[in-house]
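Protein chains in written order, with the numbering used here: chain A, 1 to 606; chain B, 1001 to 1101.
It should be emphasised that the hints constitute simulated quantities derived from the structure, not laboratory data. Predicted model only: the values in this text are computed from it and were never measured. C-beta: ideal position from N, C-alpha, C; glycine also. Fair warning: there could be bad hints in the mix.
Straight line, CA to CA, 27 Å or less: simulated DSSO-like cross-link-like pairs of lysine-lysine [said to hold, decoys possible]:
1. LYS185(A) / LYS145(A)
2. LYS1075(B) / LYS230(A)
3. LYS275(A) / LYS1075(B)
4. LYS273(A) / LYS1053(B)
5. LYS273(A) / LYS521(A)
6. LYS490(A) / LYS387(A)
7. LYS1053(B) / LYS185(A)
8. LYS1043(B) / LYS185(A)
Derived CB-CB ranges, DEER-like [stated by the list, open to error]:
9. LYS426(A) / PHE1084(B): 52 to 58 Å
10. ALA66(A) / SER1017(B): 47 to 53 Å
11. ILE229(A) / SER1017(B): 22 to 28 Å
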Amino acid sequence: MRPDTPRIAAGAFGTRSPRRGGGGRSRSERVGFNANPLLTVALPAWRSKLLLFMLFAAFVALAGRAIFLMSGASSDFLQRQGEARYARTLDIPATRGRITDRNGVVLASSIPAKAIWAIPDDVDATGSQLAELARLLQMNLAELKRRLATDDRSFVYLRRQVDADVAERIAALRIAGIHSSREFKRHYPEGPTNAHVIGFTNVEDRGQEGIELAHERQLAGRAGSRRVIKDRLGRVVEDDWLREPLDGSDLALSIDNRIQFIAQSALRNAIEKHKARAGAAIVIDVTNGEVLALSNWPSFDPNARGRLSGDAIRNRALTDTFEPGSTMKPFAVAAALEAGTVKPHTPIQTAPGRLTIGGRTIGDAHAHGVLTVEEVVAKSSNVGTAKIALELPAQTLWDSYTAAGFGQAPQLGFPGAVAGRLRPAKTWRPIEQATISYGHGVSVTLIQLARAYSVFARDGDLVPLTLLRTDAPIVPVRVMSPSTARALRKMLEMAVAADGTAPAARIPGYRVAGKTGTAQKLRNGQYVKEYVSSFVGFAPVSDPRIVVAVMVDEPSGGVYYGGQVAAPAFAQITAGALRTLQIAPDGPLEPTHAPLIALTATKAAR
Amino acid sequence: MIRRGLLLLLGLALFGSALALVTAQHRARALFIDLERAQQQAKQHDVEYDRLKIELARLSQPAYVEAEARRIGLKPVDGSRTVFLNLPAAVAAAPAAPARK
Chain A
1 MRPDTPRIAA
11 GAFGTRSPRR
21 GGGGRSRSER
31 VGFNANPLLT
41 VALPAWRSKL
51 LLFMLFAAFV
61 ALAGRAIFLM
71 SGASSDFLQR
81 QGEARYARTL
91 DIPATRGRIT
101 DRNGVVLASS
111 IPAKAIWAIP
121 DDVDATGSQL
131 AELARLLQMN
141 LAELKRRLAT
151 DDRSFVYLRR
161 QVDADVAERI
171 AALRIAGIHS
181 SREFKRHYPE
191 GPTNAHVIGF
201 TNVEDRGQEG
211 IELAHERQLA
221 GRAGSRRVIK
231 DRLGRVVEDD
241 WLREPLDGSD
251 LALSIDNRIQ
261 FIAQSALRNA
271 IEKHKARAGA
281 AIVIDVTNGE
291 VLALSNWPSF
301 DPNARGRLSG
311 DAIRNRALTD
321 TFEPGSTMKP
331 FAVAAALEAG
341 TVKPHTPIQT
351 APGRLTIGGR
361 TIGDAHAHGV
371 LTVEEVVAKS
381 SNVGTAKIAL
391 ELPAQTLWDS
401 YTAAGFGQAP
411 QLGFPGAVAG
421 RLRPAKTWRP
431 IEQATISYGH
441 GVSVTLIQLA
451 RAYSVFARDG
461 DLVPLTLLRT
471 DAPIVPVRVM
481 SPSTARALRK
491 MLEMAVAADG
501 TAPAARIPGY
511 RVAGKTGTAQ
521 KLRNGQYVKE
531 YVSSFVGFAP
541 VSDPRIVVAV
551 MVDEPSGGVY
561 YGGQVAAPAF
571 AQITAGALRT
581 LQIAPDGPLE
591 PTHAPLIALT
601 ATKAAR
Chain B
1001 MIRRGLLLLL
1011 GLALFGSALA
1021 LVTAQHRARA
1031 LFIDLERAQQ
1041 QAKQHDVEYD
1051 RLKIELARLS
1061 QPAYVEAEAR
1071 RIGLKPVDGS
1081 RTVFLNLPAA
1091 VAAAPAAPAR
1101 K
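Please model the complete structure; the sequences and the hints are all you need to start from.
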């Protein structure tokens, strides 16, 4: 090393190439002023060694640190921190299940939508951009500006549940500070027709009413999350499911959309014609207890719930109790037949059309004279029914009502279904026993009535009702003997005969049976001149398939008897439902055979 | 000398395989992006399908159909205007026979 040092030094001063190894000799011969030995600096060798060592030590330290970081105690922490800088956890929402009718027609379905929100501080838009935004959001410009001028400068929703295509157009405006996030919007394509059964969801897609609420867990599913690595363009390049989302399962209702519509329009016609306040109609398939239609009016559009009123939302068929009136009579008569106190042809004296029990008098609308038990039901005699009922112990009567489902909330899995009121038999005074037998002093819901009538339609047993399409075998509970049920069927068919109380319930081609009900309403403990008209019946009588119940609240168009108000709606619904279900006619085609003639004529013309 | 050659060879092989790893990773990611895009599309189609089903339900709802039918002068059927054909006794006795054809 030593000889090099002067060479570097000499070189540094620009001497002409001193020969190698001859430094010592040439110095004495030609001494240039710039090769003065005094100027030669001899650097100590250790310094360069030290430098080299320090560099080496620094590298060793770096390597050590690297090894420490990669395998040391804090490596997990670092790993996580690193990942946090390129990996993202995405929440994957579950899609809410569809609700369909029994034939697969979509009644409710969720579709992705966008929530449009803004960071008011960041919003930087021209007047025309804002005007366009307001137009797309369907709000007026002043309202939009008011929202953007809100106190909370960091976040404000402009509109939620915006359709995806509208959201895209908003994004295309490229206004700074306007953002969108994903959510779902529930669509109800049938609008008001099924509104009460299905209910609706809130803005977070959670069930609030009806089936949407009752089956929330099944419909909602479970959101998942997913860990992904995104590249610089925001594309997902690797993923790892932390939890797969579980989409909500679809739900098929027992409702038949076509029958539902028939029920709704018949009900609506009746309500409008008789200037009634409200009404409800139910169609039940008696073979398995499926509810084919459950309709209420007034109704609401679940897609546009801006002005919902409790009056329109209420599912009257399940939540409103009323005094059923004469529709209760068959149950008292059935109890008497079961107990053997009367036979269908036992004569009952109903003259003079009134009966005084314990100082209070009950009466018939028309005095009838001697009627058989069958005629008591057919002509709807209060006196006759009361006399039959008073022959029975109160407990027997109560048992028979309870067995038919009165006084208990139906196990329908539907929010808000009520039990009605049937007081314990011990508290009945004779006058009450009499009035309860013809449907006063007891309150029921329409669905209870419809279900109870399925006992007559089903040869004396009762099946649980369901709003869901079901293939499972049903377990009927026997309530009365088949012979009693058949006897009642005959009586109820007589009630709709030309000389019964409800000839308007008849339909061409089918034998129907049923019972009218007209009850005065109670207000503050007093009966007032407001009525609830009802009709419950079934068809075809030879092999009953459906029970139809109709209730019209406060008809004020002059007529209020069940036979005039509810029976025509019953006929319309039953005719439509039987046709929809393609049930063979079992009765005479009374009105005319004109189409048959027309058909023959057409054939002849050919 | 042989050992040095072997070392060089292995070194080259290591280098090559490292490059291959990088390429493979890159291709895997490219494929994953395609997969993701396809899945995204499938999802989009699902949503579209749902939307169309809603649209279908909306257009086929009885109220709408009835209004349209009335507009072109159709009337609802009822029993009185339905022709019921009675099967001849021979066919009625063997109802399964025509169904077999």
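Status of each hint after checking the structure:
no.	hint	verdict
1	LYS185(A) / LYS145(A)	25 Å, holds
2	LYS1075(B) / LYS230(A)	61 Å, violated
3	LYS275(A) / LYS1075(B)	25 Å, holds
4	LYS273(A) / LYS1053(B)	35 Å, violated
5	LYS273(A) / LYS521(A)	20 Å, holds
6	LYS490(A) / LYS387(A)	21 Å, holds
7	LYS1053(B) / LYS185(A)	15 Å, holds
8	LYS1043(B) / LYS185(A)	16 Å, holds
9	LYS426(A) / PHE1084(B): 52 to 58 Å	55 Å, holds
10	ALA66(A) / SER1017(B): 47 to 53 Å	23 Å, violated
11	ILE229(A) / SER1017(B): 22 to 28 Å	23 Å, holds
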